[in-house]
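> Go ahead and model the full structure; you've got the sequences and the hints to work with.
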Amino acid sequence: MTKLSRRKLITTGLAATAGISGLGVAAHLAQKYGLVPPDHGGLYGPGETLTYASMRLLTKHSLAREFSRSQISKRPLENEVAPFSEEFKRFQAAKFADWRLTVDGMVARPTSFSVDQLKSYPSQSQITEVVCEEGWSYVAEWNGVPMSHILDLVGAHPQAKYVFYFSIEPDWWESMDMADALHPQTFLTYGMNGSELPVGNGGPLRVRLPRQLGYKSVKFINRLIVTDDVKKFGKGLGSVSPEGGYAWYAGI
Amino acid sequence: MFVRVTHWITTLCFFALLISGAEIVVSHPRFYWGETGNVLTEPLFKIPIPSSRNLVPTGYGYVMPDQNGWSRALHFQTAWVLVLTGLLYVIVSLITEHLRKNLLPSKADLSWRNCVGVIAHHLRLEKPSEADASSYNVLQRITYLLVIFILFPSVIWTGLALSPAFDSAFPATVNLLGGRQSARTLHFFITLALVLFLLVHVVLVWRAGFINRTRAMITGQSSNREEVQ
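Chains as they are written, first to last, in our numbering: chain G, 1 to 252; chain R, 1 to 229.
FYI, nobody ran anything at the bench for these hints, they're computed from the structure.
Predicted model only: the values in this text are computed from it and were never measured.
Virtual Cβ for every residue (Gly too), placed ideally from N, Cα, C.
Worth double-checking, as some hints may not be accurate.
[What the hints assert, rightly or not] Partial chain G-side listing against chain R, Cβ under 7 Å, derived:
| # | residue |
| --- | --- |
| 1 | 44 |
| 2 | 63 |
| 3 | 75 |
| 4 | 92 |
[Stated by the list, open to error] To give an idea of the chain G side of the interface with chain R (calculated C-beta under 8 Å), a few residues:
| # | residue |
| --- | --- |
| 5 | 46 |
| 6 | 64 |
| 7 | 79 |
| 8 | 82 |
| 9 | 210 |
| 10 | 246 |
| 11 | 247 |
Dropping the structure here:
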């Protein structure tokens with residue numbers, strides 16, 4: 001052992017100690033400021049956490065790109081879904097007149113909304129791109145009510161951390177953090193390109209979350225649960241996506 | 001030594017990114033130009049392989065197994081490692097003057113005479129000389145600079161342009177490239193350029209003596225016991 005290598009050893013040791021304690025402090029701060037995603041464990045947890053934390057810091061208030069009317073895709077793609085359940089078919093036969101959106105959890109006034117009720121609130125529109133994780137995309141105009149409006153109506157608790165949202169179809173649910181839930185472009189959409197939202201595109205009610213990939217914009221929504229605890233749902237990873245190997249946070 | 005360590009981390013990352021990227025392409029082996037593109041629009045070109053999704057009409061009667069979940073997770077995590085390694089490499093290269101001493105071609109290197117000489121040497125497929133073992137020639141310097149400062153930054157840029165969240169914070173990232181689908185297509189072609197570099201790189205290392213050169217890149221010792229980096 002030469003002197004040089006001993007010095008190297010000591011420096012490396014010190015650097016490693018500093019690095020590990022630095023990581024510890026970073027992990028603590030990240031937890032405190034809500035920069036850790038529910039699927040932070042496992043082999044790919046570090047990558048998911050780095051991505052989510054960076055994007056939360058970079059994009060808290062940024063707006064998804066909006067497009068001009070002329071850029072709306074001529075034929076919006078109707079991505080395939082599993083065959084509809086009998087329950088869904090019954091609602092479809094009744095033209096979704098008795099479709100309800102139930103909102104509960106950490107809210108002052110648990111409420112159940114009909115689609116017509118949702119339409120009675122000030123309607124907003126956005127021309128944004130649906131981006132699929134496979135690689136394809138299209139632009140459409142979406143009409144709906146901002147999620148934040150509904151959360152205001154039901155009186156969501158300030159301690160709430162996530163909004164879980166559920167499709168009527170089985171095993172199809174996601175969640176978003178409050179930064180996304182209160183974001184002005186996060187919609188419950190009931191219209192597309194000026195008409196009713198077609199069933200193929202998620203009608204009667206679909207979440208739009210344009211700063212994340214398409215799989216976060218779940219179709220056929222009939223329930224929202226406001227919560228501060230992801231552990232209560234499924235395997236506690238925030239949504240079904242991580243259970244199938246996909247990222248919970250899909251802003252990339 | 002940092003050159004050798006970052007070189008091999010980058011090599012590992014590149015293979016992980018290449019394999020996972022290929023798996024992701026399989027889920028939609030069609031490429032477009034502009035902002036939008038999907039199975040209802042005309043592609044710029046298609047890769048004639050079966051897809052891992054039902055949605056894509058490939059002409060094959062079957063659907064490949066879906067590998068997108070782990071592929072995407074691996075792709076993005078490895079991208080983080082690659083970007084952080086690349087940043088470390090550039091910073092240390094500037095501090096230790098590795099960049100100036102070993103990569104920036106000198107005036108003499110760039111002279112017409114020297115360039116023609118090096119090119120002729122390559123074209124005649126001559127074995128590299130002893131001097132080549134301890135210093136990069138002008139073609140190597142220019143190629144490495146292109147790869148480090150043009151191709152890798154471009155592949156990272158076009159990759160980031162595919163992130164809807166990053167685009168919301170920095171819309172120019174994707175708008176300057178002519179739209180999302182253009183960014184995806186460019187990401188693909190820059191990857192092909194990097195693969196081409198890798199192939200030529202390995203062939204040239206092979207001609208210089210693969211075992212000897214690779215050992216040198218791992219241990220820092222060439223056969224005549226000279227410190228390489």
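> None of the hints should be skipped; say for each whether it holds.
Here is how each hint holds up against the structure:
1. Nearest Cβ of chain R to the Cβ of residue 44 of chain G: about 4 Å, under the 7 Å cut. The hint holds.
2. Hint status for residue 63 of chain G relative to chain R: holds, with the closest Cβ pair at about 6 Å, below 7 Å.
3. The restraint placing residue 75 of chain G at the interface with chain R holds, with a minimum CB-CB distance near 5 Å, inside the 7 Å limit.
4. Evaluation of the residue 92 of chain G hint against chain R yields a violated restraint, the C-beta minimum of about 22 Å exceeding 7 Å.
5. A distance limit of 8 Å between C-beta atoms decides the matter here; for residue 46 of chain G the minimum to chain R is near 6 Å, and the interface restraint holds.
6. For residue 64 of chain G, the shortest C-beta to C-beta distance to chain R is roughly 5 Å, which falls under 8 Å, so the interface hint holds.
7. Taken as an interface hint, residue 79 of chain G checks out: its beta carbon lies about 7 Å from the nearest beta carbon of chain R, inside 8 Å.
8. At a threshold of 8 Å, the smallest CB-CB gap from residue 82 of chain G to chain R is about 11 Å, leaving the interface hint violated.
9. A hinted interface residue such as residue 210 of chain G counts as satisfied when its beta carbon comes closer than 8 Å to some beta carbon of chain R; here the least separation is about 7 Å, so the hint holds.
10. The beta carbon of residue 246 of chain G comes within 5 Å of a beta carbon in chain R, closer than 8 Å, and the hint placing it at the interface holds.
11. For residue 247 of chain G, the interface hint holds, the least distance from its beta-carbon to any beta-carbon of chain R being 7 Å, beneath 8 Å.
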